[in-house]
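Residue-level listing of the chains:
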Amino acid sequence: MSAGPTTQATLSFDGIGMTFPDGTEALRDIGFAVDRGEFVTVVGPSGCGKSTLLKIASGLLEPTAGTVSVDRERIGYVFQDATLLHWRTVMGNVELFAELHAISKADRRTLAQNAIDLVGLTGFEDHYPKSLSGGMKMRASLARTLTLSPPVFLFDEPFGAVDEITREHLNEETQQLFQREGFAGLFITHSIGEAVFMSTKVLVMSARPGRIVAEFDVPFDYPRHPDLRFDPDFAKLSGEVSRELRGSHS
Amino acid sequence: MTTTNETTDETTEAYRRTVSFGLDDAPHVIQGPSRTRSLAANVLPPLVLGILLIGGWYLISYVMLDESRRFLLEPPHAVLQVGFLDWDNFSEILQGLWSSTKVALTGLVIAILIGFSLAILMSQSKLFERAIFPYMVTLQAIPILAIVPLISFWWGTGQRSRVVVCIIISLFPIIVNTLFGLQSAERGMHDLFTLHGAGRGTRLRKLMFPAALPAIFAGLRISAGLSVIGAIVGDFFFGRGDIGIGQLLRRYANQLDGEQLLAAVMMSSVLGVTVFQLFGWIQNRAIGKWYDPAGV
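Chains as they are written, first to last, in my numbering: chain V, 1 to 250; chain L, 1001 to 1296.
Since the hints were derived computationally from the structure, they do not count as laboratory data.
For every residue, glycine included, the Cβ atom is placed at its ideal position computed from N, Cα and C.
Among the hints, a few may not be true.
Pairs of lysine-lysine, DSSO-like flavour, derived with a Cα cap of 27 Å [to be verified]:
(1) 1206(L) to 1289(L)
(2) 1289(L) to 130(V)
(3) 55(V) to 201(V)
(4) 130(V) to 105(V)
(5) 55(V) to 1289(L)
(6) 1102(L) to 1206(L)
(7) 236(V) to 201(V)
(8) 105(V) to 1289(L)
(9) 130(V) to 1126(L)
(10) 105(V) to 1206(L)
(11) 1126(L) to 105(V)
Chain L stretches covered by chain V per the calculated footprint, using a threshold of three residues with CB under 8 Å from any CB of chain V [claimed, not checked]:
(12) 1124-1133
(13) 1261-1274
(14) 1279-1292
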């Protein structure tokens, strides 16, 4: 079912397998590619190894089989938690990556301010994380990643902890960012609606060991309007993804 | 009269609610609508207890002790007159207090330097942590009185020995809290630093150290109090050199100067509280803006 790896793709997995030292087989024979201008979402039951796949893509984990090809110099990786540094203001947090990449003070201030404006946190530059809501923290986390204009953007269920309304807003904004920046996006979630709404392609992963069991192209044009969620074609596609997901679970 | 009664009733009521609902409800009581009420709720109970204690003190001095044995507990006004209002006596206590403060702060600063260095070393290498930790626990377990003779045996009975006592007594909380703090940065934050190629130094400076600050300050407050105790105990036992509060306590006790003895004890307590508050204030200045004790 998996797409053959393309050598020139921005991010590609080829025959990835991951068995942990305790013998748990998390992933088996994963192979697909994500190119610039593509937004691929992997949906799967919890504990199927989705997050492990992102850790492998970013280099935080070494796979026990197969190869990943990606430029890790400026990889964007948004975690499940906002992981903001409590002792830094929004500005300080958004500047962090540029700081770690030794970008000059003036430049990183400009980069950070642009990113903050882009995610709608203007006016909150001097706030500390303790005074932000969950959604705002996630926005700050997105802004922090945007400062590096990463060609590859990995999202590990970033909106799982925010409420439904905020989540829909963030979905829309992420989709706009994708359209603007044209990165290669790889998104992990277990929300089918979120997956279909944002992606160019949805992959369904089976329960452990995780394998790609189905692949759906999402035909809707960008920019996507929130009302798309109530379109019959949207519902039909979501239904098909859901059916595959249920099938993969047993 | 009515207003006073009301305040007292509300205070009692607020108190009862705090007690019956436990800690979870306490903040509501403190953040009550009226500032005066919360002030009264905070000040009144200790004030009333204080008055009762002073009353009990008079009772012991005048009723329970007969005149020949009254020197064991002189009444409060006598302590105030002889210990605090007589400038010769009080300035002697203040000088002793200043000498002990210098010893305590010197010991504390050295303990901080040693403690930070060891904790950083232990945070960078599991090997060091495993090697050092048992000895730290052992050192901590030695009662300070047991080690005082050894210290005077090695370093004599001067200022230096007193500083050594302060270091030994205040080192452990600094090491343990600093190490715990350095290890408290979340896994995800470490991952971020790894992804963006941060080296050991950067990680320590920009992640582990700031993350450790709340725990470090908790340790410092404990250690500051302990180093004051160390200074007094050291001075008391070595009993020579610059006269600190420990030597004064011993002399007043030997000379049966009850008033001055009690005044000196109270001033030692004032010193301990001051040092504790000072570090609380520094903590608030340093991390109050961002630190959320309820967890972020």
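The hints, checked one at a time:
no., hint, in the structure
1, 1206(L) to 1289(L), "17 Å, holds"
2, 1289(L) to 130(V), "9 Å, holds"
3, 55(V) to 201(V), "20 Å, holds"
4, 130(V) to 105(V), "25 Å, holds"
5, 55(V) to 1289(L), "34 Å, violated"
6, 1102(L) to 1206(L), "33 Å, violated"
7, 236(V) to 201(V), "15 Å, holds"
8, 105(V) to 1289(L), "23 Å, holds"
9, 130(V) to 1126(L), "32 Å, violated"
10, 105(V) to 1206(L), "16 Å, holds"
11, 1126(L) to 105(V), "35 Å, violated"
12, 1124-1133, "violated (count 0)"
13, 1261-1274, "violated (count 0)"
14, 1279-1292, "holds (count 5)"
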